[in-house]
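Chemist: Use these hints to put chain B onto chain A, whose structure you have.
In order, the protein sequence lines correspond to chains A and B. Residue 90 in the working numbering is what sits at position 90 of the first sequence, and the numbering runs on without skipping anything. Residue 60 in the working numbering is what sits at position 60 of the second sequence, and the numbering runs on without skipping anything.
You may find that some hints are simply not true.
What the hints assert, rightly or not - With a straight-line cut-off of 27 Å between C-alpha atoms, the simulated DSS-like cross-links for lysine-lysine are:
| # | chain 1 | residue 1 | chain 2 | residue 2 |
| --- | --- | --- | --- | --- |
| 1 | A | 41 | B | 42 |
| 2 | A | 20 | B | 42 |
| 3 | B | 98 | A | 64 |
| 4 | B | 57 | B | 68 |
| 5 | B | 98 | A | 20 |
| 6 | B | 15 | B | 98 |
| 7 | A | 55 | A | 66 |
| 8 | A | 64 | A | 20 |
| 9 | A | 64 | B | 42 |
| 10 | A | 66 | B | 42 |
| 11 | B | 71 | A | 41 |
| 12 | B | 98 | A | 66 |
| 13 | B | 58 | B | 15 |
| 14 | A | 66 | B | 57 |
| 15 | B | 15 | B | 42 |
| 16 | A | 14 | B | 42 |
| 17 | A | 55 | B | 98 |
| 18 | B | 58 | B | 98 |
| 19 | A | 41 | B | 5 |
| 20 | A | 41 | B | 15 |
Unchecked claim - From the structure, some residues in chain A lie toward chain B, with a derived Cβ separation under 10 Å:
| # | residue |
| --- | --- |
| 21 | 2 |
| 22 | 28 |
| 23 | 94 |
| 24 | 103 |
| 25 | 110 |
| 26 | 112 |
| 27 | 113 |
Read the hints as simulated data drawn from the structure, not as lab findings. Bear in mind the structure is a predicted one, so any value in this text is a computation, not a measurement. Using N, Cα and C, we set each Cβ at its ideal position, and we do this for glycine too.
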Amino acid sequence: GAVVSQHPSWVICKSGTSVKIECRSLDFQATTMFWYRQFPKQSLMLMATSNEGSKATYEQGVEKDKFLINHASLTLSTLTVTSAHPEDSSFYICSARGGGDEQYFGPGTRLTVT
Amino acid sequence: QQQVKQSPQSLIVQKGGIPIINCAYENTAFDYFPWYQQFPGKGPALLIAIRPDVSEKKEGRFTISFNKSAKQFSLHIMDSQPGDSATYFCAASGYDYKLSFGAGTTVTVRA
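Extracted from the complex, chain A is given alone in its bound form:
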């Protein structure tokens, strides 16, 4: 149980375009979903928190107009990187929390902006 999927697993896009990443909890309803960013050989940095049906809350320094988050249902959250630039290239990982403390992570999405 507690499986979280992400799609796509990797994506390459041109500078200036937008990219959407999906995060789904497959076998449980996610009270909260979180989005993280991880650079090579670094730790995970929380970008934003989203609850179903409400606006996402962003961590300090994260541009909410650049990283659009939609939590449409209890099993789906999406992250859209708008007008992507090479510095947005990173490993984006979502996590989902059910009713308890445990957070289960997706497999990640590797974004490369050329």
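Modeler: Structure of chain B alone, referenced to chain A:
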């Protein structure tokens, strides 16, 4: 400012050895302390977690020791195997469930 400090950055052990990873925190509002294992190119996987009212927890070959007064906790991997070679992250969260991660420890288990 990193809220959870993790050490060492990397360590190498022989098969059967016991890697020990240490973490320290300052925020006394933290009340949930999980450990994650991450392989290259994959998302982190929850290994084991502990709350401050317990001093030790074991799950399989993984043991967490927790010292509330010192605000420190550690992960021990018993009888380590080459398949345990990965990066391990400690983390902490409070009432808002937001995880603050340590910097990570790369563990290499030599056969």
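Chemist: Would you mind marking each hint as holding or not holding in the structure?
Modeler: Verification of the supplied hints:
1. 41(A) to 42(B): Status holds; Cα separation ~13 Å.
2. 20(A) to 42(B): Holds, at roughly 19 Å.
3. 98(B) to 64(A): Holds, because 18 Å separates the two Cα atoms, which is no more than 27 Å.
4. 57(B) to 68(B): holds (14 Å)
5. 98(B) to 20(A): holds (23 Å)
6. 15(B) to 98(B): violated (35 Å)
7. 55(A) to 66(A): holds (15 Å)
8. 64(A) to 20(A): Status holds; Cα separation ~14 Å.
9. 64(A) to 42(B): holds (26 Å)
10. 66(A) to 42(B): Measuring from Cα to Cα gives roughly 25 Å; hence the hint holds.
11. 71(B) to 41(A): holds (26 Å)
12. 98(B) to 66(A): holds (21 Å)
13. 58(B) to 15(B): Holds, because 20 Å separates the two Cα atoms, which is no more than 27 Å.
14. 66(A) to 57(B): violated (42 Å)
15. 15(B) to 42(B): Holds: residue 15(B) and residue 42(B) sit about 23 Å apart, inside 27 Å.
16. 14(A) to 42(B): It holds: about 24 Å lies between the C-alpha atoms, which stays within 27 Å.
17. 55(A) to 98(B): holds (16 Å)
18. 58(B) to 98(B): holds (24 Å)
19. 41(A) to 5(B): The hint holds at about 16 Å.
20. 41(A) to 15(B): holds (24 Å)
21. 2: holds (8 Å)
22. 28: violated (13 Å)
23. 94: Where the cut-off is 10 Å and the nearest Cβ of chain B is about 8 Å from residue 94(A), the hint holds.
24. 103: Holds, because the Cβ-Cβ distance from residue 103(A) to chain B comes to roughly 6 Å (cut-off 10 Å).
25. 110: holds (7 Å)
26. 112: violated (13 Å)
27. 113: Hint on residue 113(A): violated, closest Cβ of chain B at ~18 Å, above 10 Å.
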